[in-house]
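Numbering (full-length UniProt numbering), first residue to last: 1 to 352.
Just so you know, these hints were derived from the structure itself, not from any lab.
Among the hints, a few may not be true.
To be verified - With a straight-line Cα cutoff of 20 angstroms, these simulated SDA-like cross-link-like pairs (lysine to any residue) come out: (1) 159 x 244; (2) 215 x 84; (3) 43 x 27; (4) 215 x 146; (5) 215 x 143; (6) 29 x 46; (7) 29 x 19; (8) 29 x 6; (9) 158 x 146; (10) 43 x 84.
Said to hold, decoys possible - Restraint ranges, calculated between C-beta atoms of paired labels, are given here: (11) 217 x 52: 26 to 32 angstroms; (12) 151 x 118: 35 to 41 angstroms; (13) 167 x 31: 34 to 40 angstroms; (14) 88 x 33: 21 to 27 angstroms; (15) 261 x 88: 44 to 50 angstroms; (16) 240 x 112: 39 to 45 angstroms; (17) 167 x 335: 27 to 33 angstroms; (18) 241 x 328: 52 to 58 angstroms; (19) 118 x 228: 44 to 50 angstroms; (20) 338 x 49: 22 to 28 angstroms; (21) 295 x 181: 41 to 47 angstroms.
Virtual Cβ for every residue (Gly too), placed ideally from N, Cα, C.
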Amino acid sequence: MVEHTGGEFVREMMQWHFSPETGSPFWLKRAGTLGFDPLTDVKDFDDLRLFPNVVDELRDVGVHELIPRGYGDGHGAAVYESGGTTGQPKRVMYAAEWQRRSVEWFSERLDSHGVPRNVDWLSAVPSGPHNVGAMAADTALSRGGVNFFIDLDPRWVKKLLAQGRTDVAGAYTDHLIEQVGYILAGQDVGVLFATPPLLERLAHHDDLVELVNRKVRAIIWGGTHMDADTRDLLRDEVFPDATFVGGYGGTMMLGTSVERPGLGRDEPCVFDSFAPYTTFRVVDPDTGEVVPYGERGQVLTHHMSRTALLVNNLERDYATRIAPVDGGFGDAVADVTPVASFGDTTVIEGVY
């Protein structure tokens, strides 16, 4: 873990991404258009507001342009894409180093919730171009288990819902639940990692609920939003015997945040980010100013690691601003909900 102050960390990241020896071709070219010098003008987290939000450029940029030169040929990078909720998918590169760090941090957070090790996982989350699937497989393996996937294409569901074809979308979701059922029935699954819509649909099948309650010791949810009432119902009444752990993340965050452990049953689900690499700010969408603690605003994310620099990204989510854990950077967030539209596009979540 990084032990620097925030300013030291930010300056270290500026040196990495804007030095010709280590920076990516994308940022080294983009530096000339910024109107400021990141190496001298960006000294702490507050100075990150100088940067434009470049995530929309990631729909078309050549992915090799995103790999920092400092890795040389040993980057081990993998390409991952966004879910396509607001248009053509955006692409990022995860260096192997960043994937390893993300998995280690995620696994440590699961330990803090008492999620068991040495058990197999069933992950009803997108794989293929979506990093959450790779995270699931790598985390299960690192914790002494294997991971079972179902075949899930979230973009197809979103397209169906956008066209008003809810009957076909429902049939596809039933198809996914059928695949989940095969694995639950035939394998010893100790951890279920699933999106909220799939957990809700699973709850309508008494036979599968019985299998989960008999076999599964922890349920990790994430990918789409879950309101507090649904969370309470699933956690306390439908799946009462499993540890329930939420995650909030996205491709442009290059990772996930995890529910804070030790919260009371009646407290909201608070998400802490992998700071200082990924940090949240909760801002007024009209002014860009940070809202007071306890107030709601739109989530702004910064990602700074050796693998990527993506700052000032306004997410398609609203949340309540919560103080970070002692010594943390940025904000924690609670009661995360989607915006109705984003960039003139209606937000459709579907199954992910």
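Each hint, compared with the structure:
About 30 angstroms separates the Cα atoms of residue 159 and residue 244, which puts this hinted pair outside 20 angstroms; it is violated. A hinted pair counts as satisfied when its Cα atoms are at most 20 angstroms apart, and residue 215 with residue 84 does not qualify at roughly 34 angstroms. For a cut-off of 20 angstroms, the pair hint linking residue 43 to residue 27 stands: about 18 angstroms separates their Cα positions. Of the supplied pair hints, the one linking residue 215 and residue 146 holds, its CA atoms being roughly 15 angstroms apart against a limit of 20 angstroms.
Proposed proximity of residue 215 and residue 143 is supported: the alpha carbons are some 18 angstroms apart, at most 20 angstroms. Between residue 29 and residue 46 the CA atoms are separated by roughly 23 angstroms; this puts the pair beyond 20 angstroms, and the hint is violated. Using a Cα cut-off of 20 angstroms, the hinted pair residue 29 and residue 19 holds, with the two alpha carbons roughly 11 angstroms apart. Between residue 29 and residue 6 the CA atoms are separated by roughly 26 angstroms; this puts the pair beyond 20 angstroms, and the hint is violated.
Only pairs whose Cα atoms come within 20 angstroms are accepted, and residue 158 paired with residue 146 is rejected, the gap being roughly 29 angstroms. At roughly 34 angstroms between alpha-carbon atoms, residue 43 and residue 84 are farther apart than 20 angstroms, so this suggested pair is violated. Here the CB-CB span from residue 217 to residue 52 is close to 45 angstroms, at odds with the stated 26 to 32 angstroms. One distance hint, 35 to 41 angstroms for the beta-carbon pair residue 151 and residue 118, is violated here, with the actual separation near 26 angstroms.
In this structure, residue 167 and residue 31 break the distance hint of 34 to 40 angstroms, their C-beta atoms being roughly 51 angstroms apart. Separated by about 22 angstroms at the C-beta atoms, residue 88 and residue 33 satisfy the suggested range of 21 to 27 angstroms. Between residue 261 and residue 88 the CB atoms are about 38 angstroms apart, so this pair departs from the stated range of 44 to 50 angstroms. For the pair residue 240 and residue 112, the beta carbons lie near 21 angstroms from each other, so the given range of 39 to 45 angstroms is not met.
Checked against the given bound of 27 to 33 angstroms, the beta carbons of residue 167 and residue 335, roughly 32 angstroms apart, stay inside it. Between residue 241 and residue 328 the beta carbon distance is about 32 angstroms. The supplied range of 52 to 58 angstroms is therefore violated. The supplied range of 44 to 50 angstroms is broken by residue 118 and residue 228, whose beta-carbon atoms lie about 32 angstroms from each other. Taking the beta carbon of each, residue 338 and residue 49 are about 24 angstroms apart, inside 22 to 28 angstroms as hinted.
Take residue 295 and residue 181: their Cβ atoms lie about 43 angstroms apart, and the range 41 to 47 angstroms holds.
Of the numbered hints stated above, those contradicted by the structure are hints 1, 2, 6, 8, 9, 10, 11, 12, 13, 15, 16, 18, 19, listed in ascending order.
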